[in-house]
Amino acid sequence: MTQTLQALERCRIGIEDNIRVLNNLDDFYRTLPENLQASNLSNLSSTTEAEDGLKDLHATIKRAVERTRGTLDRVGVLERLTSSRADFVGPGPRP
Amino acid sequence: MTGACDVGFSGFRSHISLGAEKPTKEIPSLKRSARHYQIALKLESTRFVPATADEANQNKYKTYTAAIYHQFDVVHGTALWIITNPLEKVQPEDGSKPRPENTLWRDLQRELAADEYRVADRDLAPRFCATLDIFSYLADWSIGDMEFYLQFLDETFDGAVSQLATLAPHIPDPRSNSQWANFSRPTNTSIPLTPKVRVAMRRRRSLRKIYAS
Numbered sequence: 001m002t003q004t005l006q007a008l009e010r011c012r013i014g015i016e017d018n019i020r021v022l023n024n025l026d027d028f029y030r031t032l033p034e035n036l037q038a039s040n041l042s043n044l045s046s047t048t049e050a051e052d053g054l055k056d057l058h059a060t061i062k063r064a065v066e067r068t069r070g071t072l073d074r075v076g077v078l079e080r081l082t083s084s085r086a087d088f089v090g091p092g093p094r095p
Numbered sequence: 001m002t003g004a005c006d007v008g009f010s011g012f013r014s015h016i017s018l019g020a021e022k023p024t025k026e027i028p029s030l031k032r033s034a035r036h037y038q039i040a041l042k043l044e045s046t047r048f049v050p051a052t053a054d055e056a057n058q059n060k061y062k063t064y065t066a067a068i069y070h071q072f073d074v075v076h077g078t079a080l081w082i083i084t085n086p087l088e089k090v091q092p093e094d095g096s097k098p099r100p101e102n103t104l105w106r107d108l109q110r111e112l113a114a115d116e117y118r119v120a121d122r123d124l125a126p127r128f129c130a131t132l133d134i135f136s137y138l139a140d141w142s143i144g145d146m147e148f149y150l151q152f153l154d155e156t157f158d159g160a161v162s163q164l165a166t167l168a169p170h171i172p173d174p175r176s177n178s179q180w181a182n183f184s185r186p187t188n189t190s191i192p193l194t195p196k197v198r199v200a201m202r203r204r205r206s207l208r209k210i211y212a213s
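Sequence order for the protein chains is Z and H.
The numbers in my numbering rise by one with no breaks, and the one at position 85 of the first sequence is 85.
The numbers in my numbering rise by one with no breaks, and the one at position 77 of the second sequence is 77.
Hints are supplied without guarantee of correctness; some may be wrong.
Said to hold, decoys possible - Here are the simulated DSBU-like cross-link-like pairs (lysine-lysine), alpha carbons at most 30 Å apart as the crow flies:
1) 31(H) <-> 42(H)
2) 89(H) <-> 60(H)
3) 62(H) <-> 62(Z)
4) 42(H) <-> 55(Z)
5) 62(Z) <-> 42(H)
6) 62(H) <-> 89(H)
7) 60(H) <-> 25(H)
8) 60(H) <-> 42(H)
9) 42(H) <-> 89(H)
10) 42(H) <-> 62(H)
11) 62(Z) <-> 60(H)
12) 25(H) <-> 42(H)
13) 55(Z) <-> 31(H)
14) 97(H) <-> 62(H)
To be verified - Now the in silico label distances, taken between C-beta atoms and shown as ranges:
15) 58(Z) <-> 96(H): 41 to 47 Å
16) 97(H) <-> 16(Z): 38 to 44 Å
17) 89(H) <-> 58(Z): 34 to 40 Å
18) 110(H) <-> 39(Z): 31 to 37 Å
19) 106(H) <-> 9(Z): 29 to 35 Å
20) 69(Z) <-> 47(H): 18 to 24 Å
21) 30(Z) <-> 67(H): 19 to 25 Å
Just so you know, the hints here were simulated from the structure itself, not pulled from any lab data.
Only a predicted model underlies this, so the values are computations on that prediction, with no experimental measurement involved.
Heads up, the beta-carbon is just placed ideally off N, CA and C, and yes, glycines get one too.
Could you put the whole structure together from the sequences, leaning on the hints where they help?
What follows is the structure in structure tokens.
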């Protein structure tokens, strides 16, 4: 039981970190065209191909974050469920 | 305290150097313009590991942590990637001895092989898009088999609880609704219904409603 609860906690920490990383990555590439433009390097991001590539990346990250957030919700429900079960059953028989 | 380290979130770091503030760093012969951006990030992925025939292990889930560093020169379009991932023993197709391999890097190369022309393109935009494709792949990779792993944990926990419930017969089987319906108060007065148990039962009922809805 303790192992399952610890595994769930590790899952939650990993999932939250992944969401933060993906959101930061999304923000970075959202602001990149502005930064390039400010440095007179807009020839990179202003092409149609680059714009499409950035749109695809944002869509992929958004989808990944949504799915990851869904698993995070499930971890929350499981944590509540398992802790209530663990409370009820107790620590188990003594060895 | 001087020189204190940042103990906050360090899973993502980025640095943009687009101005020509460091002209001495420019090396045209190596296609380095000193105008670049850098990204360093860490991603985790929980994946299903099937049991191998020669090893006596069972199917299991494993969490892989990948550290990724990327640098892109915005003038020449040259990219640098460092992708670290724990090595795995992989059985070669020719049946020889298993050897350690960075499976993330291997899969990434396979994914990029279809668009190899973009990486080698002379234009800047296709090269830039190739780097975006890699990040798209990594974002998908991070999802992994987490949903199945949670299902596995739920079932494992259910099994452990049922086992304990069998050992302690006054506690109803958590998977049996009929036993819970009949379980109002233990007939054996030596086992009092403690407040802790009452709270657990209330929580369980509310969670059952969530699942039922």
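Cross-check of the supplied hints:
{"no.": "1", "hint": "31(H) <-> 42(H)", "in the structure": "holds (28 Å)"}
{"no.": "2", "hint": "89(H) <-> 60(H)", "in the structure": "holds (15 Å)"}
{"no.": "3", "hint": "62(H) <-> 62(Z)", "in the structure": "holds (25 Å)"}
{"no.": "4", "hint": "42(H) <-> 55(Z)", "in the structure": "holds (23 Å)"}
{"no.": "5", "hint": "62(Z) <-> 42(H)", "in the structure": "holds (18 Å)"}
{"no.": "6", "hint": "62(H) <-> 89(H)", "in the structure": "holds (13 Å)"}
{"no.": "7", "hint": "60(H) <-> 25(H)", "in the structure": "violated (49 Å)"}
{"no.": "8", "hint": "60(H) <-> 42(H)", "in the structure": "holds (23 Å)"}
{"no.": "9", "hint": "42(H) <-> 89(H)", "in the structure": "holds (22 Å)"}
{"no.": "10", "hint": "42(H) <-> 62(H)", "in the structure": "holds (16 Å)"}
{"no.": "11", "hint": "62(Z) <-> 60(H)", "in the structure": "holds (29 Å)"}
{"no.": "12", "hint": "25(H) <-> 42(H)", "in the structure": "holds (28 Å)"}
{"no.": "13", "hint": "55(Z) <-> 31(H)", "in the structure": "holds (28 Å)"}
{"no.": "14", "hint": "97(H) <-> 62(H)", "in the structure": "holds (22 Å)"}
{"no.": "15", "hint": "58(Z) <-> 96(H): 41 to 47 Å", "in the structure": "holds (43 Å)"}
{"no.": "16", "hint": "97(H) <-> 16(Z): 38 to 44 Å", "in the structure": "holds (40 Å)"}
{"no.": "17", "hint": "89(H) <-> 58(Z): 34 to 40 Å", "in the structure": "holds (37 Å)"}
{"no.": "18", "hint": "110(H) <-> 39(Z): 31 to 37 Å", "in the structure": "holds (35 Å)"}
{"no.": "19", "hint": "106(H) <-> 9(Z): 29 to 35 Å", "in the structure": "holds (31 Å)"}
{"no.": "20", "hint": "69(Z) <-> 47(H): 18 to 24 Å", "in the structure": "holds (19 Å)"}
{"no.": "21", "hint": "30(Z) <-> 67(H): 19 to 25 Å", "in the structure": "holds (23 Å)"}
In this structure, the one hint that does not hold is number 7.
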